[in-house]
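Chains as they are written, first to last, in the numbering used here: chain A, 87 to 201; chain B, 33 to 141.
I should point out that these hints are in silico values taken from the structure, not numbers from a laboratory.
Take these hints with a grain of salt, some might be off.
Unchecked claim - List of simulated lysine-lysine pairs, DSSO-like, C-alpha gap at most 30 Å:
(1) Lys-88/B - Lys-97/A
(2) Lys-102/B - Lys-97/A
(3) Lys-101/B - Lys-58/B
(4) Lys-143/A - Lys-138/B
(5) Lys-138/B - Lys-102/B
(6) Lys-58/B - Lys-138/B
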Amino acid sequence: GAGVSQSPSNKVTEKGKDVELRCDPISGHTALYWYRQSLGQGLEFLIYFQGNSAPDKSGLPSDRFSAERTGGSVSTLTIQRTQQEDSAVYLCASSLAREGNQPQHFGDGTRLSIL
Amino acid sequence: SQQGEEDPQALSIQEGENATMNCSYKTSINNLQWYRQNSGRGLVHLILIRSNEREKHSGRLRVTLDTSKKSSSLLITASRAADTASYFCATGGGNKLTFGTGTQLKVEL
Numbered sequence: 087g088a089g090v091s092q093s094p095s096n097k098v099t100e101k102g103k104d105v106e107l108r109c110d111p112i113s114g115h116t117a118l119y120w121y122r123q124s125l126g127q128g129l130e131f132l133i134y135f136q137g138n139s140a141p142d143k144s145g146l147p148s149d150r151f152s153a154e155r156t157g158g159s160v161s162t163l164t165i166q167r168t169q170q171e172d173s174a175v176y177l178c179a180s181s182l183a184r185e186g187n188q189p190q191h192f193g194d195g196t197r198l199s200i201l
Numbered sequence: 033s034q035q036g037e038e039d040p041q042a043l044s045i046q047e048g049e050n051a052t053m054n055c056s057y058k059t060s061i062n063n064l065q066w067y068r069q070n071s072g073r074g075l076v077h078l079i080l081i082r083s084n085e086r087e088k089h090s091g092r093l094r095v096t097l098d099t100s101k102k103s104s105s106l107l108i109t110a111s112r113a114a115d116t117a118s119y120f121c122a123t124g125g126g127n128k129l130t131f132g133t134g135t136q137l138k139v140e141l
């Protein structure tokens, strides 16, 4: 079956603009995660969804960042008034269960560049 | 902050040689996972080892876990050029994984 799909794959925008990043998880996966990866770095946790609710938003770096998930499936990560430090690869992952013991399946990410 | 720290940061070997990467972590864990990331791609899950396990194998991969030292190692035997990638350890508990900074492995022909 299809893996995790993210769009767009690349996004270049001007500082101050809003951006929306989309994630289509694997069908049937109830847990969905957003991470941010800066160049040559590990992954920084942003937010976790179980179904449509987000019990853990602890990683969102500022109130300019928000995310939602509808129908227990597609999720959108929105960054308002983008800053240059927001430039990174944004990765989405999904898994079958809410517990951290399950492998996570990743999309190929959205590479965001803020000019 | 990063829970796991991989060592070395970069490793270059010849095809056919074995590659060993190490991961150290700071707090108690339920399990530890290893992932691979090819350039420009997402992460791919390789293997999960639970806190009550000491060693696990999957194909050419061998993972060990020493909870007393809070460390894990990933061994790739008989490496191939296609193994060139970044390798991350991740510790899990609850609803999220905390990733290390990764080891960049380059396998040369």
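Cross-check of the supplied hints:
1. Only pairs whose Cα atoms come within 30 Å are accepted, and Lys-88/B paired with Lys-97/A is rejected, the gap being roughly 40 Å.
2. Distance hint between Lys-102/B and Lys-97/A is unfulfilled; the C-alpha atoms sit about 39 Å from each other, more than 30 Å.
3. This hinted pair checks out: Lys-101/B and Lys-58/B have alpha carbons roughly 9 Å apart, not beyond 30 Å.
4. This hinted pair does not check out: Lys-143/A and Lys-138/B have alpha carbons roughly 36 Å apart, beyond 30 Å.
5. Among the hinted pairs, Lys-138/B with Lys-102/B is consistent with the structure: their alpha-carbon atoms are about 26 Å apart, no more than 30 Å.
6. Annotation: proposed proximity of Lys-58/B to Lys-138/B holds, straight-line Cα distance about 27 Å (limit 30 Å).
The structure is inconsistent with the numbered hints 1, 2, 4, although it conforms to all the rest.
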